[in-house]
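Colleague: So the sequences go chain by chain: E and C.
So the mapping is simple: this note's numbering equals the position in the first sequence, first residue as 1, plus 1.
So the mapping is simple: this note's numbering equals the position in the second sequence, first residue as 1, plus 39.
For the record, the hints were derived by calculation from the structure and aren't laboratory data.
Incorrect hints may have been included.
[To be verified] What follows is a list of derived Cβ distance ranges for each label pair:
#, chain 1, residue 1, chain 2, residue 2, range
1, C, Ala148, E, Asp125, 30 to 40 Å
2, C, Arg415, E, Gly154, 28 to 38 Å
3, C, Ser107, E, Asp122, 29 to 39 Å
4, E, Asp140, C, Asp385, 55 to 65 Å
5, E, Gly154, C, Ala118, 44 to 54 Å
6, C, Glu172, E, Asp140, 30 to 40 Å
7, C, Thr177, E, Tyr94, 48 to 58 Å
8, C, Arg221, E, Gly154, 36 to 46 Å
9, C, Thr421, E, Ala142, 55 to 65 Å
Even glycine gets a Cβ: it sits at the ideal position worked out from N, Cα and C.
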Amino acid sequence: MSDAPILSIRNLHAKVADEDIEILHGVDLDLNKGEIHAIMGPNGSGKSTLAKLLAGHPGYEVTDGTVTYKGEDVLELEPDERSQAGIFLAFQYPVEVPGVSIANFLRTALQARLDEGEEIDLFDFQDQLMSAMEVLEMDPAFAERPVNDGFSGGEKKRNEILQMAMLKPTLALMDETDSGLDIDALQVVAEGVNRLSEENPEMTVLIITHYQRLLNYIKPDHVHVMVKGRIVRSGGPEVAEALESEGYEEFRTVGA
Amino acid sequence: MEGVTDALNADAVQSLASGAPEWLQNRRLDAWATYERTPMPSTRLEEWRYTDLSRLLELDSLEPLPWSKRTFDRASAPASLDAALEADREASGRVVELDGSVAHVELDADLAEKGVRLLSLRDAVEEIPEVLERRLATEALPATDGKFQALNAALWQDGIVLVVPRGVRMEDPIRVTRHVSRTGQAIFSRVLIVAEPGSQVSFVDEIVSEDLEEQTLFSSAVEIFAEDAAQVQYVSLQRMGRGAFHLAQQRTIAGKDSTLDTLNVTMGASISRLDLNARLMGPGANSDMLGLCFGDGDQHFDHNTSQDHDAPHTHSDLLYKGALDDRARSVFRGIIRVAKGSQQTDAYQTNRNLLLSEHARADSLPNLEIEADDVRCSHGATVGQLDQDHLFYLMSRGLSRPQAERLVVIGFLGEVLQRLPLGGVVEKVSRGIEEKLNG
C-alpha cells in the first residue's frame, strides 16, 4: 500500500447536480504521497469542479468513474468525513461565518477530529495558532475576528492557509489560491504552503490555477493541463513554463 | 364590549380596586372603561395583521388570578425557576415573582442606604405613592394606548418597582425571576423603573415556566424612565413553556443625554407578542434596541417596535434577529418616527431572519416616517435560508452537519448578544440556544 498513489482518479465523469450539464468527461489522475501537483487550465475547464468534487461539494454529481483515496472509495463519504480523513480544500471563495471567531472555529474543527471524551489542549492550540499566524504575517488579533467576515480577498486566502496549517491535511487541494492576491500576499501564502510541505513531507498538494504565477513560488513536481473536462497533457514543471509563453490556445482544439 | 368575559369583568376590577387609595381606584376603573370601549384588535389592523387574536387568544377560558401573598422557598422551587436562579451571577438586588405575586425582594444594603428602592408594586403603593401616582400607567403606558394596555392597567395583581436616586450607580444588575405555574390563568404584572438624573442601572427581567396544559396569559407592562444623563439597560429573557401566551408591552422614555438600551430575548411560550416603543424625548438621548428570538415547533412570535425621535441630536439603533426552525414563524414590524424639529438624528433599524426549515416563516416589515430633513436613517430586512455553500464550507473543515448548523445559528444570533454583553445573560441565552439546537 505504501507505493500505491494516495489519490487515484479513474475515468471520472461528473455533472452539476439537478442539471444535465456534464463538466468532467473522464479524468484520470494519480497523486503519490508527498508530491506537489498542479492542474492548470482556462476558465470553464472543470479544474475547480474537480477540486470541489474531491472535497464533497453537494453541487456536483459523479456519473461514472472512481476516486480512491488511501485505497478507499472517497465518493461515498460526506464532506466532514473526507476532512477527518485528511482531505483539505482551500476555497477559491471562502465563506463568511459571522459571529464565529477564527480561534473558536478552529478549536471546534480540531475538537471534531478527536474521539468522544478527548479534549484538545488549549495551550497547545493557542501556541500553534499564534506561530502559524506569524508565518502568514497575520495580526494575532485576527484570531478573534469572525471567520472571513469583512476580510479582504487577501485576508481570506491567508485564512485558508492558516486553517490548512492547523488541520494538517494529508491531501491539500488549493483552488485558485492565487486569484485576487497581490504579489506580496502571494509570496506570503506560498511561503506558508512551502513551510507546511517541509514540515510534513508526506503531505500531498494539488494546486488548481489558471496562471503560472503561483508556480514560481511553489514548485510542482507534476503539471497537468485540463481543457474541457479532460486532462490533455501531463509532464514536469516545463509544461507550466510552456503554457506561460504559449497560452492555452494550442489545447483548445484537443478536447473538442 | 369585546373581551369582557365571565371572569374578566368589572367585578374583577372592583375587587382589586377596593381598599386602594382613591387615585389608584380611579386609575383602575378608568382603565377598565377604556378596555370595554376599545374594540379587540383584529387582523384588519396593520399592527395585528399576522397575529389573529380571535384564533390565538382564548380569552373566554382565562381567569384572572386573584392576588395572594406568596412566600418563596428556594428548596421547593420548581425546576425551571431553580435552573434560572442557579445560573444567575452577581446581583445588586434580586426579586422572585410567583404567578404574578412578588414573593421575595432583596437589595444590597449599601444601595438601600443610598436611597435605592426596590419593592413590589403593592408595597410601592403604600410606601412611595407619589412616585406611582405620577408614573404608573400615565406618561409611559397609559390605558388609552390600546386594548391590552388598558386591560393590564385595570387588572394588574402586582409587579416590580425600582427607583434609582440621582447619581447612584449600580455595579451589578438587578435580577428579577418570574415563574408561572398556574395553568389557564391570566396574570397581569408591571415593571416600573425610574432612573433619576446621572444614575446607572441594569435590570434583567427573566420569565420562566414549565409547559402549561391550558393556555395561560402572562401580560407584562414595562415602563422605564431614564432621566437626564441616566444610563439604563433593560433585558427581558422570556423562556416560558409551551401553552403560554406572552404579551409584553414596553415603553422607554429617554431624557436629555441619557442612554436607555433594551434587549428582548424570546425563546419560549407558544405565542409571544412584544410591543416596544422607545421614545427619545431629550436632546442627546440614545437607545440601542436589541432583540433575539429562536422559534421551533409551532411557536409564533410577533415583534412590533417603534423608535420615536421627539428631540434633536437623538440616536437609536435597532437590531432584531430571529432563527426559526420547524413550523415556527416570526413577524417583525418596526417603524422609525422622526418628528419635525428632531434634527441631527441618527436612527437605524435592522431585522435579520434565518430559516432553518422549509416550513418556517418570517415576515419583516420595516418602515420610516420622517418629518425632519437633517437626519441619518436607514432600515433593512433580510430573510435567509441556511445555505448549502455555508454548510459545505464548515463541513469541509470536519464539522458534522449538526455542528455546522449550530455554529451558523450561534454566530448569527451571537451578534446580538455581543452588543449587550451583560454577565449571566450571555450564558443563559447561549444555553437556551443550545437546548433548542439539541431539540
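Colleague: Falls inside 30 to 40 Å, the C-beta gap from C/Ala148 to E/Asp125?
Modeller: violated (47 Å)
Colleague: For the range 55 to 65 Å, tell me whether the beta carbons of C/Thr421 and E/Ala142 fit it or not.
Modeller: Between C/Thr421 and E/Ala142, where Cβ atoms are some 28 Å apart, the hint is violated.
Colleague: Okay, C/Arg415 versus E/Gly154 on CB: inside 28 to 38 Å?
Modeller: Because 30 Å falls inside the window, the suggested range holds.
Colleague: For C/Thr177 and E/Tyr94, compare the CB-CB distance with the range 48 to 58 Å and indicate the outcome.
Modeller: For E/Tyr94 against C/Thr177, whose Cβ atoms are near 57 Å apart, the range 48 to 58 Å holds.
Colleague: Falls inside 30 to 40 Å, the C-beta gap from C/Glu172 to E/Asp140?
Modeller: violated (58 Å)
Colleague: Taking 44 to 54 Å as the stated bounds, is the beta-carbon spacing between E/Gly154 and C/Ala118 within them?
Modeller: holds (51 Å)
Colleague: Range hint 36 to 46 Å: satisfied by the CB atoms of C/Arg221 and E/Gly154?
Modeller: violated (59 Å)
Colleague: Does the Cβ-Cβ separation between C/Ser107 and E/Asp122 fall within 29 to 39 Å?
Modeller: Violated, since C/Ser107 and E/Asp122 (Cβ atoms, about 56 Å apart) do not stay within the stated range.
Colleague: Quick check: does the Cβ-Cβ distance between E/Asp140 and C/Asp385 fall within 55 to 65 Å?
Modeller: Violated: the Cβ-Cβ distance is about 31 Å, outside 55 to 65 Å.
The structure fails hints 1, 3, 4, 6, 8, 9 (numbered hints given earlier, in ascending order).
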